[in-house]
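A.B. asks: Based on the hints, put chain B in the right spot on chain A.
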Amino acid sequence: MIMKIGNKEKILYLLVDKKIKPTKFMDIYRQNRGNMNKTFEHFLKYENLKLNLEEGKRNNDNTEISMHKGDRYEYFKIIDFVFKNKVDLLCIGDDGYPDILKQVYSPPLLLFFKGNKIKEMEFGIAIVGSRKCTAYGREAAGYISGNLSEMGITVVSGLAVGIDSYAHKAALEGKGGTIGVLGCGIDIVYPPENKLLYDEIALNGSIITEFFPKTPPLKSNFPVRNRIISGLCRGVIVIEAGEKSGAVITCEMALKQDREVFAVPGNIFSPASRGCHKLIKSGAKLVERIDDILEEFSQYQENLRLCSNYDHKDHMKPHARQDTGIQGNEARIYEFIGYRAKSVEEIVKYSKMEVKEVLGILASLEIKQLIREDSFNKYSRLF
Amino acid sequence: MFFKLDSFTLVGINAIRVSVEVHLSRGLPEFIIVGLPGKAVNESRQRVRSAVINSGFDFPVKKIIVNLSPADIKKDGSFYDLPIALAILAASGQIKCDISGGSCFVGELSLDGKINPVKGLISMAEEAQKLDKKFFLVPYEIASQASFISGMDIVACKHLSEAVEAFTCRESIGKFICRDKIENISNRSNHYDFDFSDVKGQLKAKRAMEIAVSGRHNIMLIGPPGSGKTMLARRAVTIMPDLNLEECIEVTKVYSLYEKYVNRLIHERPFRNPHHTISRAGLIGGGINPRPGEISLAHKGLLFLDEFSQFPKNFIEDLRQPLENKEVIITRSHLSYSFPCNFMLIMATNPCYCGYFGDESRKCTCSQREIQKFWKKMSGPVMDRIDMRVNVARLPERSFINTETSENSNKIKKRIEKCLRIQNDRFKGKNISYNSEVGIKIINEWLKNDKKIRDLIYTISGKYNLTARGTVSILKVSRTIADLEESGIIGENHIIEAINYRVGYGCNPGNNF
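Going line by line, the protein sequences match chains A and B.
For the record, in the first sequence the residue sitting at position 335 is 335 according to this note's numbering, with numbers rising by one throughout.
For the record, in the second sequence the residue sitting at position 297 is 297 according to this note's numbering, with numbers rising by one throughout.
Looking at chain A on its own, in the form it has when it is part of the complex:
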């Protein structure tokens, strides 16, 4: 196999070699106005860079590499991995490398990816949030993500459990699609319970990472990853975040990168929404409806033209359910159950009915999707 040596291979070699820092590379790259050839010439001339990229010895069956030592070995291992596992590479000068990502201070020079969404993405919004979300967060993530995707906006998130996975799941169904940014090597599915979701996104969306294959999901990788999540997007929406949460870090990153920050408010009693409320207090935009997000991006009408014929008013779920069509005791109990959870005991006391009747009514309201069990034996209204 004779491999064409292009920019990707050169950059991969630089990253493996580690002699030149990515930020240094970006400086020179920017000085040369994005011309890759000139950038490399500069390094070869002034920085004593040697690119030993010619093929080493290979076995007859064209698979094994031998006789490579040190960095060169590492380099060929990765090239081999990429070749074998149908993983693609995207480097900073390539067509399809998102322009918006180039604008951040230290963009990833090289991305490993699966699925082509990353190249086609026109307009991205990130949805981030707690891994331990409540039922409310789940629903909010699904609602916002689904609607954004339906409008042709790509939803970017981190493929973690909780809010991330609900956002991904909902976005997969729309035409905007979704991109998952990993904090580990592309061959590692972390957390493992997201395997199915990972496969589906790799097929219909995009999985990207800047980490080399087989990198474990180290704690320190995630803030690094978060900069790509916010970097890929025009705005970041936080749905449920604890006080000290990764989502809040992503928002700080987003502000440095000059991105919009949105936060979805929660129940004032819920510890899961503390971070969101903190963000709102310090100036993040409160999101109640999809319009709240779109307003901020009126200057990007051009990018959003895809959704011009999309009447999102129809999708305003919470406001379309005014007429519930329930009567009698059901309606009475439904009225009593507020947006703050009420326990079965409270409901029985209020309604002066027998427990069995109350339980029946609660179950039938649940089947009609009007209420939901929030915590043990406590119900609250959905709409």
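Any given hint could turn out to be false.
Stated by the list, open to error - Once the Cα atoms are required to be at most 30 Å apart in a straight line, the calculated DSS-like pairs of lysine-lysine come out as:
| # | chain 1 | residue 1 | chain 2 | residue 2 |
| --- | --- | --- | --- | --- |
| 1 | A | K169 | B | K363 |
| 2 | B | K363 | A | K244 |
| 3 | B | K414 | A | K356 |
| 4 | B | K413 | A | K352 |
| 5 | A | K349 | B | K373 |
| 6 | B | K414 | A | K219 |
| 7 | A | K368 | B | K451 |
| 8 | B | K373 | A | K219 |
| 9 | B | K363 | A | K285 |
| 10 | A | K352 | B | K200 |
| 11 | B | K418 | A | K195 |
| 12 | A | K349 | B | K377 |
| 13 | B | K373 | A | K356 |
| 14 | A | K352 | B | K39 |
Unchecked claim - Cβ-to-Cβ under 8 Å is the rule here; a few derived chain A residues that face chain B:
| # | residue |
| --- | --- |
| 15 | M26 |
| 16 | E47 |
| 17 | E295 |
| 18 | Q299 |
| 19 | V355 |
| 20 | A363 |
No lab work stands behind these hints, which were simulated from the structure alone.
C-beta atoms are modelled at their ideal positions from N, C-alpha and C, and glycine is treated no differently.
C.D. replies: Below, chain B alone, put in the same frame as chain A:
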């Protein structure tokens, strides 16, 4: 010089007759027991010798051979002290038997001649009744255990000399006969120190308990620490209907195998609450000489497995077969033993490792993976046999001092008794007796003519993603709810209520994500 008496040995829960044969012959003084005696039987030689001497008789200086027939069954235990002593005295001509043919004997001797209790007395009494015996000589302390077996006299003796008196003189036997059975069995009242009305709040869980007991549905209580799971389970016995005489005898049979000093007929519903460090033989039954385990001790009553998730996984698998068959068969190379275990299962567990999943005021610190791991331990097949799963939430502090009175156990018990009667009528002639035992065939018959109900079931199973077993459970529970209301057919409201006890926030937290 030969003499023969009847006694018993235990095989599992049942007794079989053993003849104690004594032959005195000339020769060097010797005392031999044959017929596969165990350690305790062999040692009875020393006890018998001392007891005989200390009761004022002579121990014959002869070659004594005792045979326990049938000779090919292993015998263990101290049942034979009294019959051996009496047989030796009779064979040596010191006393003359007056009641021999229609009587049988069991008892352990103390060195001074006192008669000590033995295990399994009531099973032996039952066997004696079958053999048409007239008198059964038993240790005084536990005589009332067996006194409810009708058709023969239980002769209770404190001492070997009393036993000799009864043995030799038919007229004097009257003063030893145990007369406990004259007390009317229906007079006994079950008194518990606790009552269902002690439980404040927890309306859903209480209602669920009532339904579970009514239809004998196995139930799982899920809730954070301190939410009252144990309290609820403990009180479930107070709403179970009283045992009838037959059931009392069955329960006493199991308990008399387990401990010696059962000095009465047990008439409360058993409530067993084994700790999760229990061994396998302790739970299911077993040992070299198999003994009943906790599941058999819970026969006709409640088995409560607290902290269900802490029990080793294979123990939980072991419960599968007994749950289906209502008996457990323990096989050893020489014999198979069967113990009854018709119990209702209540399980309690926290919803996750830290225990606070789904709690309102305290945040759960478990990750999703931990919660899934926690629930993975619960075996699918066992979970399938649990018809009802109920959340028990912690109460806010103020409700403990709530003065509202709720229904007491007796009131609930009356409803349940009525419900059980309906079920008995329905299943007459079939070999099932509770709603929880019905199969899919009978359920389909119930729903044959009701299209509306069938549609509702399709909606529900679609919405909640129920398995076939889950749907069947809901239907069984709704049948019980209908029975509680004395309704002949299952209505929509019954099914909708039953949903509450199968799906819900904590009913399977592992799948909640």
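A.B. asks: Just to be careful, I want the Cα atoms of K373/B and K219/A compared with a cutoff of 30 Å; is the pair within it?
C.D. replies: Holds. K373/B to K219/A sits at ~22 Å (cutoff 30 Å).
A.B. asks: Holds or violated: K414/B with K219/A, Cα cutoff 30 Å?
C.D. replies: 61 Å, violated
A.B. asks: Within 30 Å, alpha carbon to alpha carbon, are K363/B and K244/A?
C.D. replies: Status holds; Cα separation ~15 Å.
A.B. asks: Next pair to validate is K414/B with K356/A; report whether the Cα-Cα distance is within 30 Å.
C.D. replies: Holds, at about 18 Å.
A.B. asks: Just to be careful, I want the Cα atoms of K349/A and K377/B compared with a cutoff of 30 Å; is the pair within it?
C.D. replies: 38 Å, violated
A.B. asks: A closest beta-carbon separation below 8 Å is what the hint needs, so does E295/A meet it against chain B?
C.D. replies: It is violated, given that the least Cβ distance between E295/A and chain B is near 33 Å, above 8 Å.
A.B. asks: Hinted pair, alpha-carbon criterion (30 Å max): K413/B, K352/A. Please report holds or violated.
C.D. replies: 23 Å, holds
A.B. asks: Between K363/B and K285/A, is the straight-line Cα distance small enough, at 30 Å or below?
C.D. replies: It holds: about 27 Å lies between the C-alpha atoms, which stays within 30 Å.
A.B. asks: Take the C-alpha atoms of K373/B and K356/A, compute the straight-line distance between them, and say whether it is at most 30 Å.
C.D. replies: 34 Å, violated
A.B. asks: Is the interface hint for Q299/A satisfied, with its Cβ closer than 8 Å to some Cβ of chain B?
C.D. replies: 38 Å, violated
A.B. asks: Let's test the interface hint: is any C-beta of chain B closer than 8 Å to that of V355/A?
C.D. replies: 5 Å, holds
A.B. asks: Hey, K169/A versus K363/B, does the alpha-carbon distance stay inside 30 Å?
C.D. replies: 26 Å, holds
When each numbered hint is compared with the structure, violations occur for hints 5, 6, 11, 12, 13, 14, 15, 16, 17, 18.
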